[in-house]
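Visitor: The chain contents come next:
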Amino acid sequence: MTSDTANTLQRIPDRLDTPFRNALFSWEMLLVIVALAIFIINSFASPYFLNAWSLSDLTFNFTEKGLIALAMALLIISGEIDLSVAAIIALASTMMGMAVQAGADTPLLVLIGVGVGLLCGAFNGLLVTRLGLPSIVVTIGTMSLFRGIAYIILGDEAYKGYPSSFAFFGQGYVWWVISFELVLFLAAAIVFWFLLHRTSFGRTVYAIGNNPVAAAFSGIRVERVKFILFCLTGLMAGIASVLLTSRLASTRPSIAYGYELEVITMVVLGGVAILGGAGSIPGVVLAAFIMGLVTFGLGLVNVPGIVMSIFTGLLLIVVIALPIIWNRIRHKSA
Amino acid sequence: MKALAKQREIWLLAAIALLVALVAVRFPAFARPQNLLTVFNDTSILIILALGQMAVILTRSIDLSMASNLAFTGMAVAMTNAAFPEIPVLFLLLMATVIGTVLGAFNGLLVWLLGIPPIVVTLGTLTVYRGATFVLSGGAWVNADQMSPGFIALPRAEFFGLPMLSWLGIAAITFFYVLMTRTALGRSIYAAGINPVASIYAGINVGRTQFIAFCLSGMMAGLSGYLWVSRYVIASVEVANGYELTIVAACVIGGISIAGGIGSVTGAVLGALFLGIIGNALPVIDISPFWQMAISGTAIILAVALNARGERPKGRIILRKAES
Amino acid sequence: MLHPPHPAKPVCDASRKGDGAPLLTLSGISKSFPGVRALAGVSLSLYPGEVTALVGENGAGESTLVKILTGIHQPDQGEIRIAGKSVTLPTAHAAFENGITAIHQETVLFDHLTVAENIFLGHAPRTRFGTIDRRAMRANAREVLDTLGAGHIDPDAHLAELGIANKHLVAIARAMSIDARIVIMDEPTAALSTKEIEELFLLIEFLRSEGKAILFISHKFDEIYRIADRYTVFRDGQMVGEGVLADTTQGELVRMMVGREVDQIFPKRQPNIGEPLLTVAALSHPTEFEDISFELREGEILGFYGLVGAGRSELMQAIAGMTRPSRGSISLGGRNIAPKSSADAIRAGIVYVPEERGRQGIIIGLPIFQNVSLPSLARTSRSGLLRTAKEFRLTRTYTGRLDLRAASLSQDVGTLSGGNQQKVVIAKWLATEPRVIILDEPTKGIDIGSKAAVHAFMAELVAEGLSVVMVSSELPEILGMSDRVAVMREGRLVAIRDNDGLDPETLVKLAAGVTA
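Chains as they are written, first to last, in the numbering used here: chain A, 126 to 459; chain B, 2 to 325; chain C, 451 to 966.
In isolation and in its complexed conformation, chain A is listed as follows (with noise of 0.2 Å):
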C-alpha cells in the first residue's frame, strides 16, 4: 500500500478535456449538423428557399417564441417550469388593446405589454416561492387564470386599430432583410448567454436546479432567484406579447394559442434538461433556428401547419431517445 503511505501532493489537473474537444461532441454540435442537413435538404426542395427575403421571413417562425424560450431555459434548468407564457401574451395583448382604445400612443403601449407580463410573471413567482407551490400546476391555473381574464374582456370581440407606429416592433426591418424581430432576439441571446454561462446568478441556476437543499445550504437564496427567473419569464413572455401584436396588428383572446408547448418544445430540443441542472443557451437558439427551419421548409412545400406539428413532436421524441438508445447500443457492445 505505498501509494497511500506516499502522502505526496499530486496536482489535479483543472481539466482533462480541452474546451474544444467538449465542444466537438456536445449536444450543440448534433444540433447545427441537424440545422446545416435541414438546410440542405430545404434548399434542395423549393428553389424559392435560398433567397433573401425567404430566409428573413423564416426568422419570424420562432422569433417571439425564441425570446421566450431563452428565459424559459433558465427556469427549467432551475426546476420549475412556466405553462403560462402563451396566455401572458394573450392577457398583455389585450391590455394593450384596451388602452389603444383610451388612446394610448405607442411608447405607453409597449410599456403596458411589457410591465403586464412581468407582473404576471411576478405573480407565478408569488404563488410558486411564497406559498411553495409545484409550479406545473400553478402555471396550469394561471394559464387559465389569464387567458380567462382576455376572454371575459374580449369574448369572440377582437381589439384592432393599433398606430402605425406600433407597426415597427412586428413588421419593421432594422436594415436590408434584417428584422426588428431578428435583431431583438440575438441581442436577447447574447444578454441571457451571457447571463447563465458568466455570471455567478447564472451559477446558482444551474446549482438550484441539480440540488436545491445543497444549494441553500451554500447560503444561496434560492426563493429569491426563482422568483427573479419566474419575473424574467414573464418580462420576455410580455415583450413577445408586444412584438406579435404589432405583427398582427391585432387582439383576440386566442392569440398565441398553444405557444407554451412550442417554447418547451424548442427548450428541451436544445438541450437543457426537463428535469432542472442541465442546459445551454447556444442549443436554445440553436433548436430555435432548426425549429423555423422546419416549419418553413415544409411551408415551401406547401405542408399545411398542423401536419408540421407532427415533426416538431416526432423531433423532440427522436431528439430526446436517439441518445438513450445510442448509449445503449455502445454498453451491450462494450
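Bear in mind the hints are in silico, worked out from the structure with no lab data behind them.
Accuracy of the hints is not assured; some may be wrong.
Said to hold, decoys possible - Residues from chain C that face chain B, not an exhaustive set, calculated with beta carbons under 7 Å:
| # | residue |
| --- | --- |
| 1 | Ala542 |
| 2 | His543 |
| 3 | Phe546 |
| 4 | Leu559 |
| 5 | Phe560 |
| 6 | His562 |
| 7 | Gly572 |
| 8 | Thr581 |
| 9 | Ile582 |
| 10 | Val958 |
Note that the Cβ used here is the ideal one computed from N, Cα and C, for glycine as well.
With the hints as your guide, set chains B and C onto chain A.
Guide: Same frame as chain A, now just chains B and C:
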C-alpha cells in the same frame, strides 16, 4: 395519508354543495335531481378522462396527449362509421378503446423502455396525434348527416332513466374504484408513485406500472373519443383542442398530488364534477361562458394552495412539551 | 473452503449449526459499471440460523452485492446457489420468489400505505374474484406482528405515523410474511437509538432461531461482535477474508478491511485555546430545542454528543441561519448576529457542514470546482461576473489540503467516492474563510482512510485558530477529538464537560437520561 385525502374530499364535496346551493338560491330548478343528473351526464366524459389521468399522475407521470388521442380516435371511428355504416356501433366502441389503448401504450413504451420524462413524451405525442388526425381526415369534418343513426343514438339511449353516457361514466368510476382499492395493480400504481425506489425493492416493476397507467389513460381517451364525437355529432381536427389541461385541472382540484402517490377515485370524480357544475351553472345564472376559463384557473390555484398546506411535511418534534 | 469449528458461544448451540451446509453461496461474482469494477470474483456463504456480518470500507462493494442478491443488478460473471441449486435473479420479483428479502439503511417502505398493505404488497391474500381480501390481509398482518412481539403496531396505521424502529419491525414482518429464508440487513441500525438497536437485535436473534440465514452489513464493530456469528470482509471489490467471528479480533478485522494497521486514528494535538468567540444564549425553538446556552472559544473543538434526534442538528441549523429561533441570541466576537439565512451566517463567519452529504452537501451534476466555489461566489466573481481561474485556484488550495483524490477538478462530484465527496463538502465551506465551522457528523459513512484525513485536517484547522463545533454520535470520535463535550437530550443541553478523563459511560448516561 388516506386520512388527508378523505379530508380533502369532504372539503371539495362541501365546496360543490355550496356552489349548487348558491345557484339554487336564485334558480331553484338547478338543484332539482333531474337537472343534477343532466349535469352528471354532461360531465361523464370529463370524469372518464380524469380517471385515466389520475392513474397516470399517481405514478408520478402526466399524460398531456389525452385530448389529441381523443381527437384521433374520435375521427377514426367517425370516418369508419361514415364509410361503413353497417358496422355495429358496439364494434366501433371496442375499436375506439383499442386505438386509444395503442396510442397510450406508445407513450407508455417510451416512458418505460427509454426512460424519457413523461411530460416530454406526451408533449411530443400531443402534437403528433393531433397532426395525425389531420393526416387521417385530410382536414375534413365528419358531420351529423354522415353518421349512422345508431352511432349517434348510443350515448343517448336510456336505461332505468339514465342515458347510456351516464352509465358509462358510472361503469368507469366502478372499474377504477375496484382497480385502485382492491387489486394488486392499483396497489402497485400507488406504491410506484409514493416511493419508486422502495417499489423496485418490493418487486414492483415501476416502468411497467407506468406503462400500464398510460395504457389505461389511453383507453379512457379512446373511449371518450367515440363518446365525444357521437355526443356532439361532429368529428374534426379541432375536437377537444386544449382539453388536456382541463383534465389535469380536474385531477388537481380533486386533490391528486402532481408529485404522485396521493389521490383517490372519489377525488378525481369530485374534481371533474366541480368543473362540470361550474360549466353548467354559468349560463343558468346568466354569466357569459367566457368566465368559465378564469374561474377554473382560480379554482386550480386555490385547490393546489389548500392541498399543499396538508402535504407539507411536519418537522420532527423533539421537545416533549410540544407534543402534548 | 473449510470451516473452522465453532467456538462455544452461549447463544449458539451445536444443533443449530451442526452440518455447516450453506443455504446461499455466491462464487466468483464479478460486476463492472462503466469505469468502475465494483466486484471482482467475490464469494460469500450464508448459513441457516446464523448471522454473517459483511464488513468493508464504504465502496468496497457491499451495496453492489446487495443489489445483485435482490435482483436489481445482474452479475457479469459468477454463480448464485440457493440450497445447492444454481439460480438466477433477473428481477426483484425473482429474488423475492427465491426467499430473499432486504431491510435497508433507510427503510424502503411506503409512507402513504398502511402497515398491512406494506407487509403484503405484492403477495396480498385474494378473494374468489381475484381482488385483494382486505380483511384476511389485516388479520394476517396482525398475526405476523404479534409473532414479532409488535402488538403495539396497528395494521391500519399509515406507515408515515411510525418511527424508524417500528418501520424496521414492519419490514421484518414483511420478511416473515413472505417466508423469506435469506434476510439481508443493510446498515439497519443507522438511524436507531441505542434502545431501538437492542430491540432490533432481539428480533435478529428471533430470526436466527427461526433458521433464517442473515446477512448483516454494518460499519460498527461493537454491533458486529454483538450479533454476528461469522464474518466476510470485502476490500476494493474483492473478498479478502471470512471465518467465524469468535476466532478473530477487531484489530485483525480492521487490518483486513484497510490492508494495513490503523494504530493512530486520532491525531495528537496541543490545544491552544483563546478567548470566547461564539456565544449562544438562551436560544430556543418552538418545537425542537429550548434554552441552549454555550460558549465556543478560539482554537477549540467543542463536541456535541447525544442520541440521534436529540435536536443537535436542528440547533446547529438555527445557529447557521437555516431556521429561525424563537428566542435567545447568538453573538460572534462580541457582536450580536441574527442570521436570517445561511448567506447571512456565512457572511458573518459561521458555516455549517451538514450531515446529509448527498442531499444537503454536494451538488451532483456540477463539477468539483463549481461545488467548492458555490458559497464563495461573491469572492470569486467581480460584480457578478465569474472568474473561473480564481475558482480553480480556490478549489486547489482547499481540496489539496484535504488530500482529495480525483482525476480532474472539472469532474462531476457525483463520480467521487463518499470519502472524497465529504472532502469536497468540507473544502467548500472552508473556502468561505469562516471563523466558526460546525461539522455535523463529519465522518458518517466514510471509509477509515478518509476519516483519518478529516480528523487530521480538523486538528490543523484549530491549530490555525479556527473554532470547531463537531456534532457526532460516535463516542470514539467525540472523545478522540473534542476539547470539551456538550451533551444534548430531548432538545435541551444537559451538560458541558471538559474532555479530561471523561469516560464514555458518563456521556452515554447523560445522553440517555440515566441517573446515578
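Visitor: Now, for every hint given, state plainly whether the structure supports it.
Guide: Structure-based check of each hint:
1. Ala542: Holds: closest Cβ of chain B sits about 4 Å from Ala542/C, inside 7 Å.
2. His543: holds, 4 Å
3. Phe546: Because about 4 Å separates Phe546/C from the closest Cβ in chain B, which is inside the 7 Å limit, the hint holds.
4. Leu559: With a closest approach of 6 Å, the Leu559/C hint holds.
5. Phe560: This interface hint holds because 5 Å falls under the 7 Å limit.
6. His562: holds, 5 Å
7. Gly572: holds, 5 Å
8. Thr581: holds, 4 Å
9. Ile582: holds, 5 Å
10. Val958: Violated, because the Cβ-Cβ distance from Val958/C to chain B comes to roughly 19 Å (cut-off 7 Å).
Taken one by one, the earlier hints fail for this structure only at number 10.
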